[in-house]
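Number of protein chains: 2
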Amino acid sequence: MKSKRKSWVNWLLFLFTLVLVFVLGLLASSVMERRAEAVFVNKPLVKLSDYEPRNEEWGKNFPREFESYYQTADTSFKTLYNGNTVIDMLEVDPRLVVLWAGYGFAKDYNQGRGHFYAIEDIHATLRTGAPKGPDDGPMPNTCWTCKGPDVPRLMNEIGIAEFYNGQWASHGPEIVNAIGCADCHEPNTLDLRITRPALIEAYESIGKDITKATHQEMRSLVCAQCHVEYYFNKKVPVEGVPYLTYPWKEGTTAEGMLKYYDEIGFSDWTHSLSKAPMLKAQHPGYEVFMTGIHFERGVACADCHMPYHSEGGQKFTNHHLTSPLQHIASSCQVCHRESEATLTQNVYDRQRKVIEIRDKAEIQIVRAHVEAKAAWDAGATDEEMKDILYLIRAAQWYWDYAAASHGGSFHSPLEISRVIGKSIDHAQEARVSLARLLASYGQMTEIPYPDITTKAKAHAFIGFPVEKMQNDKNEFLITVVPEWLQEAAAREATYTAPVQ
Amino acid sequence: MKSKRKSWVNWLLFLFTLVLVFVLGLLASSVMERRAEAVFVNKPLVKLSDYEPRNEEWGKNFPREFESYYQTADTSFKTLYNGNTVIDMLEVDPRLVVLWAGYGFAKDYNQGRGHFYAIEDIHATLRTGAPKGPDDGPMPNTCWTCKGPDVPRLMNEIGIAEFYNGQWASHGPEIVNAIGCADCHEPNTLDLRITRPALIEAYESIGKDITKATHQEMRSLVCAQCHVEYYFNKKVPVEGVPYLTYPWKEGTTAEGMLKYYDEIGFSDWTHSLSKAPMLKAQHPGYEVFMTGIHFERGVACADCHMPYHSEGGQKFTNHHLTSPLQHIASSCQVCHRESEATLTQNVYDRQRKVIEIRDKAEIQIVRAHVEAKAAWDAGATDEEMKDILYLIRAAQWYWDYAAASHGGSFHSPLEISRVIGKSIDHAQEARVSLARLLASYGQMTEIPYPDITTKAKAHAFIGFPVEKMQNDKNEFLITVVPEWLQEAAAREATYTAPVQ
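Protein chains in written order, with the working numbering: chain A, 31 to 530; chain B, 31 to 530.
Honestly, I wouldn't trust all of these hints.
Chain A residues, not near chain B, derived (Cβ > 10 Å throughout) [said to hold, decoys possible]: (1) Asp165; (2) Val462; (3) Val496.
Quick list of in silico lysine-lysine cross-link-like pairs, BS3-like style, CA-CA up to 30 Å [said to hold, decoys possible]: (4) A/Lys498 x A/Lys305; (5) A/Lys416 x B/Lys403; (6) B/Lys310 x A/Lys36; (7) B/Lys34 x A/Lys36; (8) A/Lys279 x A/Lys265; (9) A/Lys162 x A/Lys503; (10) B/Lys162 x B/Lys403; (11) B/Lys265 x B/Lys416; (12) A/Lys416 x A/Lys264; (13) A/Lys162 x A/Lys36; (14) B/Lys310 x A/Lys403; (15) B/Lys265 x B/Lys289.
Just so you know, the hints here were simulated from the structure itself, not pulled from any lab data.
Since we're looking at a predicted model, the values are computed, not measured.
Beta carbons are placed, not taken as given, at the ideal position from N, Cα and C, and that holds for glycine.
Make a model of the complete structure from these sequences and hints.
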């Protein structure tokens, strides 16, 4: 009896082992299948040339990255202002019109909509005017530099300074693909690469070699090709060519860059009211990010703006570049254990506090411009105005450095508010001096704050013919732009992209 | 043979089990020994009365907490200024003398040295003057409120309003034990308790019940008994008695508290230069802390300032209240994985940025006071000065809220810099108006910035007889204070503290 029971138990163990091994086999098969899928997916379907500008061609080889990139077309997350998905910042904050009076940004300034719209939006903005021919219009070709992968292609074909040379309309038929794959990637290895010479040259100017950057650094530096402060140097390296240059030689802080501009005597424009020699901060996002705690802790732009996703066994970088608040679970919550609601509130709290004092700075600088105009009108001399105009220049630079840096109030809230504090302080010095100067010309009472409660009123105040410009722009959009696109399509049709 | 081997194996197993059980016994014994030690250590040696003010008596029952508390006598970590361990803030920053002209803080203001010195330092400061008798001197008894555990004892004996009533010298022989055990603890359970009525009443004023506070909240609230903004209400609840009150009814932000003071028409003093109705921010540490990220994440004061330590198997709270930078390993690094050097640098960076714009605010407000005096001297009227004086009041309040809040630039750097931004903005409005007003009285040129590069020069500028005051104080310290201490010692000798 005992021996019989024993052999029965042994048989049971044997059968159980058989079942277990079978299930293990199923599991191994499933794992192999997913590996196979991975190999299949990563196999390139088309041969991409070194400067292939068409994102759709890249998409054939890298469908997941491409599909996520295409989501930058979605702007539904943006706060709607008056029901528009295009947020007109001059309508939201008409003070900007006065602050930028005499400069392109006073004409038209919308909140950025995402990489997908880069070409469409540069065609549409009033800042690029309504050129009728290749040598017409207010802007140089340098303005194309950040707009898409046709830029490195064309620079490679004709040369860097040659690319920057000439009027903006002359490259119209060349630059038609929006910011995308070839701006940051090498086509075969997908290695990150710097395609904009200005960043490489900026590194050289501070004695650094960008080819020595680590992969983690590159995950921010590809963004720093565009999300930085820069200016057009019309003297160096080529006389007469607006060469895109970063003002980094004296450091990347607001003070360092102002010092640089002051030393070379540079100004972007002369303010039409105050006649101050102004600077326009572009979007010193990377510089401000470098002063914040996330950068200090070794976080890269891509860690939050392009977090890893997984789909069908594939781990890939999400190329839907947008606010990390759109995907908190894969961005913030990788490190921070708080709830989505809490983290979102933390960001909004920072923004609210920064905006409060940013608005104070704007009001004071608007007043300073208006009072400076009154001083000129009263008969003030260049000598009397010189120091005042410098204070206005500095005040507005500090304000614009803070205001124009995308996400600055989150990336580095304390640095941003420190710089806004300096802005208010400089505006104050200017206004106290102006009050004294105006009094010396008999102007004892306050110069009234202008009625600039809407964009239209602000445009009227600075004397800007917005209607005529918009009509010209509309004409340009239905006549010139289609020609550009047609010419580009014909050119691209000659590109070879053989299936491998 | 087979059966013999089997029995040998069984014996081996049996022996092994014996050894294992023996080792387990040893372990259990060790654990019990440590428990026994804990029980032994926690056994109270003396019976403490409810309001026992002598920290040394408490120390007999709670030696570890007491020994760590005694380390607050160590001030060696403080930045030495001119070789002194007492840091004379008026020497470090002589602008303070002008900002507080006409008020006690302009006489003398040292950096706090730690709880251990509370009594010694209030005797020594020029602010308390040199009273010759119980009804003499510039300050009321309310000034004792935060100085030590004799305060709740005395309040219990004579009543709250009765405690606040009368001149500061009258309680001199009563309040002799420095801030310590009975200020925050119930003597038998060591439960945290609120001993200062002002906090309880402040909670009531905002419709909250402090007895409902959680233990974690209490670990901040015991600190909020003193590290807060407050004022002396001479009208409510008892006419003529300077009743210590928190201005929390309109909120605990800088704006909320200013609104409260404005609505009740309160000012601490009239500025001796500008004649502005001034507010002196005390030390709104808790209010500022509440606006920062550590509070938002549920951290209590004690988590960083009194981290847990372990000694001889005893886990206890370190009562060496000081900067958490003194014990980063047990404070910051409990949550933050960065190195001590990195974390220290992060704190210093925040301080540096805040101090930069704080200094700008100070310079502008000093100028505003000086210019306001010039306007009065030129013949300005009350009506002309009214709005200007309010702007100066608000500018200095915002500045002082930021500057007087201990650790504010770390506890809530963005809130602090936001408030400093508002300070500069208000100072600016005042100065622009002053420039116009001065011009209308014929004063067209800039009022020079005073030479206040040292404390002595600043005192000379505001006309302060520092030498006479110091002589009187020295006399007071060698004549009156020893009498107080003698009287207190005689009284304390009558206390019974029987060994249990």
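| field | Numbers of unmet hints, in rising order | value | 2, 6, 10, 13, 14
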